[in-house]
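Colleague: Guided by the hints, dock chains U, L and V onto chain A, whose structure is given.
There are 4 protein chains.
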Amino acid sequence: MIKAKIIGATGYGGVGIVELLLRHPEVEITALVAKDEVGKPLSHFYPHLSGFCDMMVHPADSEAAQAPADVVFFSTPDGIGMQLAQVELDRGAKLIDYSGDFRFNNPEDYAEYARRIGRDTTHKAPELLARSVYGLPELGLGTAADADIVGNPGCFAVSCLLGLAPAAKHALVDPQTLICDCKTGVSGAGKKPNAAFHFPSRYDNMNAYKLAGHQHVCEVELNLEKLAGHPMPVTFTAQVVPATRGILSCLYGTLASGISAEQVQEAYAEFYRNQSFVRLYTRDDSVGTAQVRGSNYCNVVVDVDERTRRLRVVSHIDNLMKGQAGSALQNMNLLFGFPETQALDFPGSIP
Amino acid sequence: MIKAKIIGATGYGGVGIVELLLRHPEVEITALVAKDEVGKPLSHFYPHLSGFCDMMVHPADSEAAQAPADVVFFSTPDGIGMQLAQVELDRGAKLIDYSGDFRFNNPEDYAEYARRIGRDTTHKAPELLARSVYGLPELGLGTAADADIVGNPGCFAVSCLLGLAPAAKHALVDPQTLICDCKTGVSGAGKKPNAAFHFPSRYDNMNAYKLAGHQHVCEVELNLEKLAGHPMPVTFTAQVVPATRGILSCLYGTLASGISAEQVQEAYAEFYRNQSFVRLYTRDDSVGTAQVRGSNYCNVVVDVDERTRRLRVVSHIDNLMKGQAGSALQNMNLLFGFPETQALDFPGSIP
Amino acid sequence: MIKAKIIGATGYGGVGIVELLLRHPEVEITALVAKDEVGKPLSHFYPHLSGFCDMMVHPADSEAAQAPADVVFFSTPDGIGMQLAQVELDRGAKLIDYSGDFRFNNPEDYAEYARRIGRDTTHKAPELLARSVYGLPELGLGTAADADIVGNPGCFAVSCLLGLAPAAKHALVDPQTLICDCKTGVSGAGKKPNAAFHFPSRYDNMNAYKLAGHQHVCEVELNLEKLAGHPMPVTFTAQVVPATRGILSCLYGTLASGISAEQVQEAYAEFYRNQSFVRLYTRDDSVGTAQVRGSNYCNVVVDVDERTRRLRVVSHIDNLMKGQAGSALQNMNLLFGFPETQALDFPGSIP
Amino acid sequence: MIKAKIIGATGYGGVGIVELLLRHPEVEITALVAKDEVGKPLSHFYPHLSGFCDMMVHPADSEAAQAPADVVFFSTPDGIGMQLAQVELDRGAKLIDYSGDFRFNNPEDYAEYARRIGRDTTHKAPELLARSVYGLPELGLGTAADADIVGNPGCFAVSCLLGLAPAAKHALVDPQTLICDCKTGVSGAGKKPNAAFHFPSRYDNMNAYKLAGHQHVCEVELNLEKLAGHPMPVTFTAQVVPATRGILSCLYGTLASGISAEQVQEAYAEFYRNQSFVRLYTRDDSVGTAQVRGSNYCNVVVDVDERTRRLRVVSHIDNLMKGQAGSALQNMNLLFGFPETQALDFPGSIP
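Protein chains in written order, with my numbering: chain A, -14 to 336; chain U, -14 to 336; chain L, -14 to 336; chain V, -14 to 336.
Calculated directly from the structure, the hints in this document are not laboratory data. Wrong hints could be hidden among the right ones.
Identical chains blur together in the list; that is why a pair holds if it fits in one copy or across any two.
Taking lysine to aspartate or glutamate pairs in the EDC-like style, the calculated list, with each CA pair at most 20 Å apart, reads [as the list claims (entries may be wrong)]:
| hint | residue 1 | residue 2 |
| --- | --- | --- |
| 1 | K195 | D270 |
| 2 | K25 | D269 |
| 3 | K195 | D269 |
| 4 | K195 | E291 |
| 5 | K25 | D270 |
| 6 | K211 | E255 |
| 7 | K20 | D39 |
| 8 | K211 | E247 |
| 9 | K109 | D39 |
| 10 | K25 | D55 |
In this text, all values refer to a predicted model and were calculated from it rather than measured experimentally.
Next comes chain A alone, as it looks inside the complex:
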């Protein structure tokens, strides 16, 4: 039985990991920490947890928030995890950070990320970067089992990378032709109300946003480059639609010379042969984001438009599960040697 602390417990990412940890037989939640919504039980802020998680939520500077834990989840914005990481490591914890703080294993990559999104390019804990791993184990680029810190991947990045990793690894497409057209439900923007996500503004509405550059592009390109051995720049378009959960990403690249549709299908099948959370489909299957809602699965339709010789992959995840808390729990399982699917082996529900 390990002890878990959750920092940022009252956001969607926090309550999401709480819901999952309640299913996990090897974990006990021992501390809930938040910034504003404190001094009351979590079930006050989330009444569905009444009887399930009635623990008090504490402010970061409280004694309760300082107690050591075996695993600390940072469901916090960029810049928080890197400040608190060393302290928690010293208390004996392993860390899972939802932000960009530990998604890059060296100061140079972090600086590039920070530069693109307009943050200070100097990492606050550069010495810890070597102890961190990017938390998308399906890529085969390292696993939490060998790390103390996991940079939990961005939701859009998960959908793009799981859709394009085999293409990058096996040189299926011309590296200069990648386009990621990504649609998300509103929960990806978090719990804080704003004008764009006010119900009357959002129902029956779709729009693209952050055309100047989304923060997840950097980790997509970096990991594709690691898989391919050379740069693979992507044009990335984030869009939001009137759904709550789900990301639907359409991923495009021109087939490399000599690559056939059969080779594409084989490469994807091979790449994901031993992965529990990726399911492959073809254009003849009927899949949508509803089929992954509430679960940790990524459903990937692998397709080739023969007429234009273009690879087209349609990737489906629940942005709050495989795109956030589900991946976090999967990473926790790997950090501690639990079965990778423990407390994640359930299908969601329909309708």
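Modeller: The following block gives chains U, L and V in isolation, referenced to the frame of chain A:
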């Protein structure tokens, strides 16, 4: 480990009980039966179950559908369960029927129900009625533990009865003043597409329906009468709103002479003191159907409008859980002596 | 051609009246005034109006906001209109106020309203109350034609009063038995984002609110009393569902002794014989709020539950049209002697 | 005053043109024709039209359906218009067909279209093709003013062509690099209920469909080729999201050598300088499909991703307006020499 057969496995009620049984350590699903969607695995019709329930769905006349089971769920329309019940009982099964077939313990009550909804008033298996129980154990009117057959309650009826039972039992209101104003999400109408629930017709739309009489009224009135010892007729209005899951029922009755708001609160608290799935709230609490979505709970706001001396109860359930498959599993637990909350002790998820 | 000024132009009520005035051949919008969203064209805040209304929005203290107009719409919260009314009247304007400021024709009634909602019970312009009229002309209690100021009715109040007025006028029901169970879409809460109406919190969610007392109850009871000649207290329950536009109100009262279902239908038909914006239906008709979305109509299903001898009326409006800007324009037409339906004679659109 | 007949009057396309014609001072609807929903007034099937269009709907073989009209709208599937066109022309009508029957001006292009979608490649009225025009006048490829028959464009095609026409015309992009990633609301699939658009299946769900080839691709490619002077094949992905109205299309192409972002903006501005229904935006503007909902506008965000040197255009229409009935009315105006924007110069409404 008991064996479960599900008849009507491909409707919402069928897939709902499958999802729940997959969580239950004491139950193995051994047969899935349906009318039209047969000859393929359940996961073909419900891809989210891929890897979780890939069992073949069989037609009713197949050999596989005849195999004995310990429990048979009839997720079928009125009239099916009463025809097949004896055969399944003879094979050693206990039965849970989602329709009105076994919601009435004697032929007279059934006849009244059948008359109101325009069906043949003669029950096809009258001798079995005495072996059946109405499956809402919180009413204290009998429990599945003493029965072979459970008439699983109607979704609207669950919301009304849990909201009004204490008032009926403790004579809190004038028996001639009951009004049930009930709003449901669309899934209550089942899986079959129709014009009224076509997405473009339903979004941004609300309407009342079946003003001439809804089939659930009868079981509401019958059980209130059992609790009160005298008739309690209700005016019942069914409405549908653009949600998928959830029933919100506003229940009204004029306070009986001499009854105070405090007595009302006490009576409700006492009535539900030992019930796992009913949570009580007051007008100051913030609750909605989202807080019971995906779980077996009924959240009940108990309120008195002092100005008009009227009891007002606001009852919240997930129509597919406490209103259908959740109650079915709860009843199965009682039928077999498992803990009442087994495989139902989870909170749903937010958002 | 009259000149119109809109105060509170950037809220839903403001943009709603702008959209309608753009259709009106006799009106020219000459000033748009707001509190925060100022200094840019209205089409900046509402891009759909680009090319249709590119007028600048001015702060209240600007010179442009002081220019005289023939009609001033106060799409403002309680307390604003009563402060500014005299100034605008002095400039020669007639006024339409969306708040509760002028819904009560005398200081006593206003005080009762203010008391119930916790505001200062002293009206700031009591001398103007006699020049005002309650802006629901279908009630037959006075019309804007004889007034300088219109208190535009509350959205819930419109739906309740149009549904119950004939019953009050013709003594169809026991005056102590009225219940108004009202469901609204989210736009009724206005444009300002908050946690309850954040898309992920609101989708697939329904809840009751303000159980302690909604501000519209007072005007419902007051006008019913005027029609009936005696008090008619109502139990009122406001609810919100995941729609954007629409109010569905179910209205109940026990039939008075000797009143038949036929008499009920006749009384309603008679009451609304010459009204353009009320359409009557029976339980056999299929109507929902979608059928009034975007239009100024109120669809009223008149029904009697014979078994319980209870009148049941189901009233449907678009809360932003007949519930707000549509009524405002109708009142403007009456104030100035234009045809009552001018610029309002359109049906909305489906789907 | 011209007379209009609508064939297929009870579908979304039919009721859409009825709603618009009701606004048009120069048109009188004289016949409504449908296949199944006949023998009752249109307002029976669409109650919001009660008092606005209570004309009877007739079957195609009735006398009323044969009466001559000045304009006939075929809101019918592929294959109907081409059979009835000559008869209606002989009666003196001009025709607007919503299907693919007259979107191609010569038998060869039609055959290619028919082949791709698996229909008989022989046009049934080849001699009429020369009298027809593709009904997207903004392309500058011919206008209804010079034709007797208009092939009203497909909804996806409108969004793609308006987004890419300037790029094709001015050689802004490499012709082998076009990708159209298109998201539609559910109403695009029409009024007939099916499993995929049943409310509970569709809410909180997104999916791609027809990956093997959508019928609108052909007209997109054909018109781009006319503009460019050479083939421009597109990879096209149709997707459906839980909205009712709206198409959001993201359109991509690699910038041609030497083309700058400034040149792109200038080319678009020049191309649409005199067009009433196209509005141009940049990445800094906040636009979504809600801003064109209910109106005939196409809002086009023109953007260049400098890092990957890729043109990215985001195109927004209401699929039932500029994507269907709105374009049909615009084409009717051109056919008869009315002002192009007549009865279309309104902005929609928010929220």
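Colleague: Decide, hint by hint, whether the structure agrees.
Modeller: Do the hints match the structure? See the list:
1. K195 - D270: Between copies only: 10 Å across chains, 32 Å inside a chain, cut-off 20 Å.
2. K25 - D269: Between copies only: 16 Å across chains, 50 Å inside a chain, cut-off 20 Å.
3. K195 - D269: between (33 Å within a copy, 9 Å between copies)
4. K195 - E291: between (32 Å within a copy, 14 Å between copies)
5. K25 - D270: between (47 Å within a copy, 14 Å between copies)
6. K211 - E255: within (18 Å within a copy, 43 Å between copies)
7. K20 - D39: within (18 Å within a copy, 42 Å between copies)
8. K211 - E247: neither (25 Å within a copy, 34 Å between copies)
9. K109 - D39: Result: close neither inside a copy nor across copies, 35 Å intra and 48 Å inter.
10. K25 - D55: Answer is neither: 24 Å inside a copy and 46 Å across each miss the 20 Å cutoff.
When the structure is compared with the earlier hints, violations turn up for hints 8, 9 and 10 and for no others.
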